[in-house]
Amino acid sequence: MTNLLELRDIEKSFATIPVLRRASFELRSGEVHALMGGNGAGKSTLMKILTGVYTKDGGSLVFDGREVELSGPRDAERLGIAMIFQEFSLIPTLTVAQNIFLHHEPRAGGFLNDAEAERRAAGILSDLGEDIDPRALVETLSVGACQMVEIAKALSKNARVLIMDEPTSSLSEAEARTLFSLVRKLKSEGISIVYISHRMAEIFEICDRITVMRDGHDALTRSTGEVTMQQLIEAMLGEGVEASMQYQARPISATAATVLEVENLTLEEKVVDASFTIRAGEIVGLAGLTASGRTEIAEAIFGLRRIRSGEVRVDGKPVRGTDQAIAAGVALVPENRRTQGLVLEHSMHDNMVLPNLARFTRGLFVRDGAGRRAANDAIARLKIRTDGPDKVVGLLSGGNQQKIVLAKWLERRPRLLILDEPTIGVDIGAKSDLVEIIREIAEAGTAVLVISSEFEELLAMSDRVLVLHDGRLIKELEREEIATEEVLHHAIQG
Amino acid sequence: QDGSNIGDVDHPLWYQPPSAETLELAKIDDLSDTVVSGGPRGEEGVLASTLNITEEQAQKIRDGKFTAAISMGWLGDDWATQQLIGLNETFEKLGIEVVAETNANWDDAKQLADLDAIAVLKPDLVVSIPLNTQTTASAFQSLAEAGSEIVFIDQAADGMDAPGDYAGVVSSDNLALGMYLADLLAERNGGTGEVGAMYFANDFYVTNLRYIGFVARLMAKYPDMKLIAAAGHDDPNKGQQVAQAMIARYPAMQGLYASWSIPAMGAVAAAQSYGRTPQDLPIVNENFDQIVAADMANDGFIAGISSQRPYDQGVAEATIGALALIGEDVPDYVVVPPLKVSRDNLPASYETIYRLPLPEQMAANLGQ
Amino acid sequence: MQSKAETIGGLPVRAPRLTGFDWRGYIVYLFFTAVLLFFAVTIGDKGFLTVPNLFNIARNTAMIAVIAVAMTFVISAGELDLSVGSTAALSALVAALVIQAGFGMVAGVTAALGAGLLVGLVNGLFVTGLAIPSFLVTLGMMQFVRGLDMRLTYTNPVPVADNTFNGIFGKGYLFGIPSLLVWSVAAVALGHVVLRYTPFGRQVLATGGNRVAAAYSGIRVNRTKLYCFLLSGAAAALAGLLFTGMMSTARYNYGTGIELAAIAAVILGGTSLFGGRGTIIGTFVGALLIGTINNGLIIMGLDVSEQNMVAGAIIILAVAFGKKPAR
Amino acid sequence: MQSKAETIGGLPVRAPRLTGFDWRGYIVYLFFTAVLLFFAVTIGDKGFLTVPNLFNIARNTAMIAVIAVAMTFVISAGELDLSVGSTAALSALVAALVIQAGFGMVAGVTAALGAGLLVGLVNGLFVTGLAIPSFLVTLGMMQFVRGLDMRLTYTNPVPVADNTFNGIFGKGYLFGIPSLLVWSVAAVALGHVVLRYTPFGRQVLATGGNRVAAAYSGIRVNRTKLYCFLLSGAAAALAGLLFTGMMSTARYNYGTGIELAAIAAVILGGTSLFGGRGTIIGTFVGALLIGTINNGLIIMGLDVSEQNMVAGAIIILAVAFGKKPAR
Ligand SMILES: Nc1ncnc2c1ncn2[C@@H]1O[C@H](COP(=O)(O)OP(=O)(O)OP(=O)(O)O)[C@@H](O)[C@H]1O
Ligand SMILES: Nc1ncnc2c1ncn2[C@@H]1O[C@H](COP(=O)(O)OP(=O)(O)OP(=O)(O)O)[C@@H](O)[C@H]1O
Ligand SMILES: O[C@@H]1[C@H](O)[C@H](O)CO[C@@H]1O
Ligand SMILES: [Mg+2]
Ligand SMILES: [Mg+2]
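Chains as they are written, first to last, in this note's numbering: chain A, 1 to 494; chain B, 1001 to 1368; chain C, 2001 to 2327; chain D, 3001 to 3327.
Read the hints as simulated data drawn from the structure, not as lab findings.
Where hints are given, some of them may not hold.
What the hints assert, rightly or not - The calculated DSSO-like cross-link candidates involving lysine-lysine, where the alpha carbons are at most 30 Å apart (straight line), are:
1) B:LYS1060 / B:LYS1093
2) B:LYS1065 / B:LYS1122
3) D:LYS3171 / B:LYS1027
4) A:LYS157 / A:LYS185
5) B:LYS1027 / B:LYS1226
6) B:LYS1093 / D:LYS3171
7) B:LYS1122 / D:LYS3046
8) B:LYS1065 / D:LYS3171
9) D:LYS3046 / B:LYS1060
10) B:LYS1122 / D:LYS3171
11) B:LYS1122 / B:LYS1110
12) D:LYS3046 / B:LYS1110
13) C:LYS2046 / B:LYS1122
14) A:LYS475 / A:LYS317
Okay, chain A solo, but in the shape it has when bound (with noise of 0.2 Å):
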């Protein structure tokens, strides 16, 4: 089989920093090619430089045979190549349908058609399984919307290489099936396909070869039935380094205080009559299908929802609003790292500081110093990729941030710490860190709720899991229950 394109020993350094060193990759016509690697390892760095977003400072990049130079976006458009960015490339602003066709809009006589376009983008939407409206503002849209946008729009330019950089981190089970399902409808239609993923599982379901990235460098490169789970992760993090995502037992005390009790909670959007309790120490996994609400549960109690009926209690108190929830010690780690997580534009340090401020203050000023150091702890305890505490935060990787909003949110040691799709984008080898450190701060009597759309992940933490159905709550699976990621998935479709 012939390569359709090759990026050959290409560099790019950010101001004096080296992002990719002789970094390597080719891509085969009609093939699924996946591109792993650890976070900061450079896999968005070098499909940005094949999209021409990003100029490449050495290195070459032959397509159809030829040698070609892009300089800018639009080169890569009329090669053919589509790309659907980690960090959307979605403008609020606009409609769904403006958004699927900006920069290629259907007209009618020198004049954009939106109707036309709107038509057009619901086809694409429901090919895709969604039913979103294509009128709406993309700023109304739930980060998993968002996602299926940024996909619609990568779609809608019928691409003959399509660069997928983590389309499934924000979607449910059922959205990442329709994807798979048309990832392998596109191969069959000839199109290529590079597809950047931190979940194994769907890796070795629907890639044909995988290149694994490494501090900037293609590391190894193989067909998937030729390599191991282990080899990859070994690749990826170094020799003897295990990633285990495994339960592991531990015993609550019968009588430890409740920390969380959830009454009757009824809310202005979705969520009707919903009651459980979460006790200290405790990690309860909140399952559930895309929109059955759980995120609204997360923010009613963090008081961020009105609520119409029911309460919250904190130890015992009842809790309403973001004051009274922050001074009961509630943390919320939120879903949308980018809009709710970070202050991009600030420092590391500075993010970190930031809900902990009583805590890094004394007397009347900020201690920098020792935001610094509670940083630099975060970096080690976390292998966040950076120049150091005072980078810019919306300069590194998106996993990477991701880190560091938990990291943020961990320095609270907060009595009931909520966490929202916690392990987006991270890579391997932290989610297993993480995994690690959550139990810590349960085993610490924090009381915890995770949300998580990955199995595997919820599997691996919780003591009891929620099952979310369409706003109410349908089941509650004791640990015994859920032996299997199967379980789970029959209890989540209600």
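Got chain A; can you put chains B, C and D with the ligands on it based on the hints?
Frame of chain A; chains B, C and D with the ligands shown alone:
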């Protein structure tokens, strides 16, 4: 005389009714030999035409190699331009170097900063129009203390006295200016009918006097001319808007005093938009500049101009300043009488004010 | 229960739903209607409701409207242009001088547009090429050009005797409609179509909505912004011609303060100051609202201090009742 | 090859590196030094370099500086305050009237601060409570308060005879330093410490940087913004007192146009107009730069048109060479 023709219009916020003395003077038909406005401190006005520099004095001034600075309150109308020409020509003739020229653009705080910067240059002479007599006083006082001679345009800063603190004030006769405006309207409508006044709303000594002079003349001399509308603008460029509203609300208005030339031309545009004619809505104003002159020549709405003599004022300011520099006695209040301009005397008036013949186009339009 | 804005801790985090009639989005129209009605009732008999007066409002609003149309593009693209006022004066002077020198109206108008475009080009190149904030570039430019205006004729006004020019750009009528109104309606119509229905308009909104994402989508964001500044320069030039035609004279201080009035019209109309969202029709109504208030309050007989107070209060109220921005 | 700005399709996407000496971040200091040096060489012998003149510059910059310090907070929090100028005049009048009425200096100053805080409170409540753009709220407020200023004393100036007041707020000296300079340095020092080293400062920057993320981090973003507007009102009041003390008189037109000068100082100093980044020292140097240019150009003997042109060009150049914003 009883003021009933002034009716119940809304006067400006700063309005004070004309004094009995002003009303007395307003009865005099021909004001050309009368100084209506004395200085604000009761100074007696001396006509600028009486000033003179001998050749001997001129030589002494040239030998002094003096420097001067000019702090203007605004620029952009012929009044400011002609003042500056009068000042600069006279200074040049006398070998006085102008080391700074500033424009406070109607902002007295800016003028204070301008004066501070001027002080640094230690000019021998400062000519300035204080935008506000109170707020700028300290700066003028310290200039005086540092040894600069000061000539004020229009009004002296508070707490200063001539000749100790400053040489003198040169001003137009502002009450007379306002009175002439009433005369010019009366010339058009025979001293009867309903008229309006559009004033500069901000509290500004010289323009306040003109409005008061206008009102005084109506009361004293034209009991059949009724003031039915008065409205202010705080920015000359808004003249058109204000005039439009006045015309909309008082369609019976048969004459309009429109303050400076810019608002007056705005009023002209407004009158046109209502389909009014120069006959049924004559407009008078107090700046003789190219625009109103052209309109007048063209038989437009501008029926009369009560003109100051800014060039002469500039010359007078430079003259008393220069004389003070060599220790001569100068009058503390110099008055330059206004000039009544209408279509009949336009060419002659133009020559008087601009020292140039009436521009060809205007002359052609005048039918000469 | 329509159009409840979603909030997080009191912050609106998303625009109201698209379902139901979202009256808040149309507040400027409602407010404009309310203000018109109020004046009609209170001072309708005092001349407010006459055709010449209504034409006057439209005429007085023309320069603000023309500039505000282009400003809608600039703001939608996420930038600002404070130099429009002094640029209008520059173009006015250039046109008047060229006409005075005998080169004729066409040459005068061309030269004025050239001057406006030149200022726009310099603004645009600084903002995009050097990536410096447009607020400062255009603030500096506003001052620089105002100095140039003063220098050009030593602050002397330049009369324009060409009656064709004065008719077309100021005092004339087309089918009984004042030419100033014709110009502003034409600018609004063109602006509306371009912003709403052309690729360029879409690129402007995308650039303002998310510059990086727009660039990822292949849009030349810098070029788009540059075009917006050129447009703004051209509109300022047109406004300068209108000032000149209306007064048969060009003056160095035309357009002082018009930048704030134009920005107010744009935002009152519903365009987001943060870019990405813009409506030209709203802008026009915003400009008319401002013009109507100014006119009506004078006819009501309020003095300048009261006019200021009432006009200020109305602006605050209009936005208070207006659509909450998503950001 | 330090600090090459990274670009995406021609857009700078990242601030220059924090390592190495980042001279672009300090451009306002360099520019200020360069301008000072230039004037020292060209007009040093004409009195520019004398202590009284340098004090003059500092004195004339005081009101802008005080207002700009608070404006740095407002802008860092992602908002704007255009009402500061007319609020300064309001406070000036209130203080003068209270003193004139015989209630004494302390009452006058208190009343003035109260007036400023009240305006700030209303601004803040509208902006946060109703979530409407501060540009419009404060534009309306600027006009409303200016009307009030005119009304209050029918545009008559109000003299202040209290020499203690005039000394403290205007003409006096403290250890040989003009009191106006003392006030502005005090405001700068306090502002710097608060913005840089206190939790409140952190909250302001976070709110401006990402309002939603700040709210999720438990920051009361609305309260934070409200405080910024209160601060701005208080600073405007102080500026009004300084105007009054300097002139021994309060006038309704104080502070006209000071909002733009203050914003220019803030942005020249390196604060991002989009919020999230602010530096008080930079703001102060920005204000001094503006003041020095104004002073020096007059001493050089440039006429007003030239002063405008050169000052405008310097602003453009200062930012052109300045730090490229990350946005
Ligand atoms: N514009 C930029 N400026 C400076 N550094 C950058 C920039 N973009 C990326 N980097 C750095 O380059 C490195 C590689 O980033 P990249 O986004 O390619 O990683 P990745 O492999 O996609 O990681 P992830 O799995 O977390 O998405 C990171 O250390 C990141 O901080
Ligand atoms: N149509 C919509 N309009 C406005 N906001 C929406 C809409 N759909 C979802 N959201 C918001 O998006 C966020 C995600 O909530 P969602 O209902 O998807 O909950 P979830 O169960 O947590 O699912 P997910 O797996 O997508 O996080 C919530 O803040 C929700 O209010
Ligand atoms: O009259 C002159 C100017 O023309 C302007 O009218 C203001 O007052 C001055 O004295
Ligand atoms: Mg990545
Ligand atoms: Mg969710």
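We went through each hint and held it up to the structure:
no. : hint                  : in the structure
1   : B:LYS1060 / B:LYS1093 : holds (12 Å)
2   : B:LYS1065 / B:LYS1122 : holds (13 Å)
3   : D:LYS3171 / B:LYS1027 : violated (47 Å)
4   : A:LYS157 / A:LYS185   : holds (16 Å)
5   : B:LYS1027 / B:LYS1226 : holds (17 Å)
6   : B:LYS1093 / D:LYS3171 : violated (39 Å)
7   : B:LYS1122 / D:LYS3046 : holds (9 Å)
8   : B:LYS1065 / D:LYS3171 : violated (33 Å)
9   : D:LYS3046 / B:LYS1060 : holds (25 Å)
10  : B:LYS1122 / D:LYS3171 : holds (20 Å)
11  : B:LYS1122 / B:LYS1110 : holds (19 Å)
12  : D:LYS3046 / B:LYS1110 : holds (21 Å)
13  : C:LYS2046 / B:LYS1122 : violated (58 Å)
14  : A:LYS475 / A:LYS317   : holds (26 Å)
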